[in-house]
Amino acid sequence: MTGTLPTQATGELSAESLLDAYRTMRTIRMFEERVHDEFATGEIPGFVHLYAGEEASATGVCSHLDDRDAIASTHRGHGHCIAKGVDVKAMMAEIYGKRTGSCQGKGGSMHIADLSKGMLGANGIVGGGPPLICGTALAAKQQGTGGVGVAFFGDGASNQGTTLESLNLASVWNLPAIFVAENNGYAEATASTWSVASDNIADRAAGFGMPGVIVDGFDFFAVHEAAGEAITRAREGGGPTLIEVKFTRYFGHFEGDQQTYRADEVANARENLDCLKRFRERVTGGGEVTDEALDTVDSEVAALIDAAVAEAKDAPKPSQADLETDVYVSY
Amino acid sequence: MTGTLPTQATGELSAESLLDAYRTMRTIRMFEERVHDEFATGEIPGFVHLYAGEEASATGVCSHLDDRDAIASTHRGHGHCIAKGVDVKAMMAEIYGKRTGSCQGKGGSMHIADLSKGMLGANGIVGGGPPLICGTALAAKQQGTGGVGVAFFGDGASNQGTTLESLNLASVWNLPAIFVAENNGYAEATASTWSVASDNIADRAAGFGMPGVIVDGFDFFAVHEAAGEAITRAREGGGPTLIEVKFTRYFGHFEGDQQTYRADEVANARENLDCLKRFRERVTGGGEVTDEALDTVDSEVAALIDAAVAEAKDAPKPSQADLETDVYVSY
Amino acid sequence: MAREISYREALNETLRQEMERDQSVIVMGEDNSGGAGSPAGEQDAWGGVLGVTKGLYHQFPGRVLDTPISESAFVGAAIGAATRGQRPVAELMFIDFMGVCFDQIFNQAAKFRYMFGGKAVTPVVIRTMYGAGLRAAAQHSQSLYPLFTSIPGLKVAMPSNPYEAKGLLTQAIRDDDPVIFCEHKALYDSIGEVPEESYTIPFGEANIVREGDDVTIVALGRMVSVASEAADQLASSGVQADVLDPRTTSPLDTDTILESVENTGRLVVVDEATPRCNVATDISALVAKEAFGSLRAPIEMVTAPHTPVPFSDALEDMYIPDAQRVINAAKSVVEWER
Amino acid sequence: MAREISYREALNETLRQEMERDQSVIVMGEDNSGGAGSPAGEQDAWGGVLGVTKGLYHQFPGRVLDTPISESAFVGAAIGAATRGQRPVAELMFIDFMGVCFDQIFNQAAKFRYMFGGKAVTPVVIRTMYGAGLRAAAQHSQSLYPLFTSIPGLKVAMPSNPYEAKGLLTQAIRDDDPVIFCEHKALYDSIGEVPEESYTIPFGEANIVREGDDVTIVALGRMVSVASEAADQLASSGVQADVLDPRTTSPLDTDTILESVENTGRLVVVDEATPRCNVATDISALVAKEAFGSLRAPIEMVTAPHTPVPFSDALEDMYIPDAQRVINAAKSVVEWER
Ligand SMILES: Cc1ncc(C[n+]2csc(CCOP(=O)(O)OP(=O)(O)O)c2C)c(N)n1
Ligand SMILES: Cc1ncc(C[n+]2csc(CCOP(=O)(O)OP(=O)(O)O)c2C)c(N)n1
Ligand SMILES: [Mg+2]
Ligand SMILES: [Mg+2]
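Protein chains in written order, with our numbering: chain A, 1 to 331; chain B, 1 to 331; chain C, 1 to 338; chain D, 1 to 338.
This is chain A alone, in the form it adopts within the complex:
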């Protein structure tokens, strides 16, 4: 069944948890805004897809996760990485193609991973993650850890066969898997209202025997609550869930995209729907957290990002000796 969840879950979150969530979202935001600026200078190579605007999704979901749990991400992976605890400086160095990067410069923006954190990688293949997450969920089940697997994927990816058949497999095997469809309205320049033949992606859940939920992706608490329910159910053996998170990305599909296909929906989103602004209003309004505490986070994050960029720029590139290593464990 498909429905919209109310957002009323602040109660369960301690002030510390709220500050953590805020820090994560702010880190993602500043990371992405900064990568956007740095990309414009021409120093960052390759294809870069920014997650700004979508912070509540990665954060709302991953704030429920721990070391037992694994996530798979997409080409738009920075936010998921940060939310799952990947080192921010190593990420920035990776984006700059440096030896100190998360992947020693071999992966780049589209392949940042940290297996030790249960972050199974950004992924350059649309629909690449959901099958893998069936596997991490299976491993958790086999090992009885109570862990879950979470696949983040876009509206575009929701039309890919690999994603769809993973939904079925997860149900058939009753896996502790959560499928988070991040519907940001577009796959490249194609609107999801056009490419997704059903009204909502969540409507597909029923066809694969699992609950489908739609949440407001600008609202951390909405995501947090829906994810919490799904994850708890999964940990208890109740099987998979499909969660559709609806929002807008703040930047183009990738850096360089002129975005002539869309009207000024971003300005409105930034002004009125910004998950960070809404979070701040909500938690300060209720008195759970002070403005000062949040401001402190802001400046700490800003310093972190500054340092990350500075260190990334200074760091050495990989060298000839690195070219042919790491293909196999043994060969």
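If you're looking for bench data, these hints aren't it; they were derived computationally from the structure. Here a beta-carbon is modelled for each residue, glycine too, at the ideal position from N, C-alpha and C. Hints may be right or wrong, so weigh each one.
To be verified - A partial selection of chain D residues facing chain A, derived with a Cβ cut-off under 7 Å: (1) 60; (2) 81; (3) 84; (4) 85; (5) 86; (6) 103; (7) 104; (8) 107; (9) 119; (10) 120; (11) 176; (12) 177.
Unchecked claim - In silico DSS-like cross-links for lysine-lysine, where the CA-CA straight-line distance does not exceed 30 Å: (13) 117/A <-> 119/D; (14) 117/A <-> 313/A; (15) 117/B <-> 317/B; (16) 317/B <-> 89/B; (17) 89/A <-> 277/A; (18) 313/A <-> 89/A; (19) 317/B <-> 119/C; (20) 117/A <-> 89/A; (21) 119/C <-> 313/B; (22) 317/A <-> 117/A; (23) 89/B <-> 117/B; (24) 117/B <-> 119/C; (25) 117/A <-> 277/A; (26) 89/A <-> 317/A; (27) 317/A <-> 119/D; (28) 117/B <-> 313/B; (29) 89/A <-> 119/D; (30) 89/B <-> 313/B; (31) 313/A <-> 54/D; (32) 277/B <-> 117/B; (33) 89/B <-> 119/C; (34) 89/B <-> 277/B.
Unchecked claim - Chain A stretches covered by chain D per the calculated footprint, using a threshold of three residues with CB under 8 Å from any CB of chain D: (35) 102 to 110; (36) 114 to 121; (37) 139 to 153; (38) 165 to 179; (39) 323 to 330.
Put chains B, C and D with the ligands on the given structure of chain A with help from the hints.
Coordinates of chains B, C and D with the ligands only, in the frame set by chain A:
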């Protein structure tokens, strides 16, 4: 929306059409029973999957089709071929691997095709047909012929990503495509109740923005009516439909399958649900057709199958000169 | 002076001319127009991710189709449509994405004609981008044409410059067999002379880019210009190279390659693909079998290493075969003594 | 006399022993048990389409998983599970089905370690059936191991008899890299000596099946027995062949091949795959590059033709390389004169 259609459509069918439908179903049945017997003698090579028991599906759907229309089939393709008008003698010769076969002996049971009849081939790849049918439907649309494309596929194939994404594409492009899910209860030795995570395959239609219909596959008239509606809608620009046809196959998954995974559901189906018996009762009961006329068909078909087998056995095999031809039009 | 346009423009012009010439030519792929369903409504917002199909959408109403991200379905649809009278040109954005739709290409399109006893005709073109150099990392930089080359029933074209791009794409579209058309992403902005009128370049006829008697250098796709650069430098040190561009790896112009080696006695093959079972090994094996008697030195292959494509520019620049490596290989075979 | 069992039994025994030895080994594939959800309820009704996994389901509760027909999802699941401490053995029933799940294999499993800077370990085995001879036609008979061999990050094993099957599968399961394990369907009933206790055969070490000084014959998988038969007959006409079974095409034991050719001066490669960009070309090119100085004759390759696999027994028997073709090739290189 998903629903079960009543079966009340004999009225539209002339006696001649009824006899044609009967002849098609009887031809499929006798063809398959005979291949089963001949396979047991060891003379037929390879993997052979028989369609007996499922005749009403191919026949009920294809009786609406003409030269504008194309179908794609599966590894269990003999019935679809016969219903779409492929020459029965050439089919039998193909199964024997003879030069006179539909594919000159190069294809075999799993690849019988006749493009001139709009029969785009049996297919050895589960889920191979639905994408192709999006294409034949697209061609019909581009050319404005009013033609439709029909993809037949099994319950097992309904879990394959290629099938699922084709449903979405057909809706997005508003194609004149019909997806006929032949749910015979098993994919090899795996029950569809296990492998299909939803209650019905037709339940998946909603997630791809098209109507989903369930029909009794032992009832020619039920299939005929549902297919007629869907095909008419498609011809008129109304887009695709998913039709789930439920029934049982009479033989094993392939010839040689011991079928220890199933109870005696076949005996019951043969006794009480046989589409041919039910057809005969219905049309003679209403007086549309006489028993004699049907008996005549039976003996004509028997003679045809006898001749097909005799000719197939006598026919020459392909020779060295055939080995490397027909790979390209030009090379 | 003749007109000069870019590789991208040459491809775009070809599509335009073929669509004008033949109603049955249709184009499809992710954002080949771009903007589908967008409320702001600018269609043709992209014209393909790197702009190759830009402008076609408005000129040919209903014949440029955007697609959902479902390569099996739409590549399969192109194939199915090809069996029913269309000449579809489907775009598999990056060749790296073949893994989600390979079945439709190699088990369906490639095999129809044979499996069906010669009765099918499947004139589909699959345009796809390959190659390293854009810092696009391991899943967007591969040179996977050897995989397609290995499949009976497929043809594989690899245009090395704008002129080749136009002539080979025209041929691909008019050809009655399935063609995998491999565009190197680092060539799109390269400029060259291209006639305005349509022309075809036949498949299976190598282009002799440069003549020389000392060593044969066979190079593929973007490697043709790398080999030419190497040949220039070799010439200045007295080594004259025959540089061959096979243009299509399937069919392969074995005659021209063998004739050249029969003359030079030495072979270097330059292939951007990883080294195992690639086209370099294929051509080397051909020569070791058919022209052994003429061979005067070991065959050298200049290829990428047996690794995924690295992201960092520092590594990627070492990864891609360059002129220096070709020069070294050529010199080593020229100087080789038993 | 030592115990003799079939290739099928050797594989089954290996899976059993490795599952006993290591809890993390799990098995999955379509009908690897068989009977899931059946009302009659006989589980393990199939044990794999040709019976290789039969019996494991009951012995290892919860560790033999049937799957829906969705190869991308379950092969991907095996890969994902491998990154999280399992050692999955997934069955891709026929290698021909790679086209619906290749992405997970070559873009995910194969590349994790490199893309992630050496931090991933993905010990997954993909068992798959290849080869012609069962009249299974174009989509169930292919020899597609060259495609996997070409991919950096994958290992590819091709056991040629029951002994090899057990040793190589044991190694594959214990190996920390992704392994494509290619079983020839026409070998399942072949019988050979197989020790009861577990043993591994290291990857990248060719087996010298027979020694001889006149010609090196490298043969793959089922072609090893074809080559041996040819070598027997060649011996009776005075030609002594060194017959090598590389066992794994990736890694490839280049040293043993080169040493042999340095001794014999002649090479024939027997590969059931189609001829373009296959392992035969790969090995030929290796030798033409690294052992040219020792080569005394052209390199011959005995392969399938550049066509899909035909159905009719009459055609299929001509399609598959046989001993006579190997003999002819060997004789032609032995008798070759400049
Ligand atoms: C299999 C595959 N097809 C196409 C692409 C090219 N591509 C990269 S991102 C993208 C759009 C993805 O859209 P969506 O899933 O909505 O994610 P978003 O970018 O909106 O986060 C496409 C088509 C790809 N990387 N992989
Ligand atoms: C991609 C692929 N996976 C697996 C197979 C092996 N296989 C052939 S038929 C079959 C079962 C198909 O079941 P279903 O779709 O229900 O069709 P049915 O046989 O019942 O008609 C399987 C698994 C295949 N041919 N292709
Ligand atoms: Mg999106
Ligand atoms: Mg079935």
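Numbers of unmet hints, in rising order: 1 and 31
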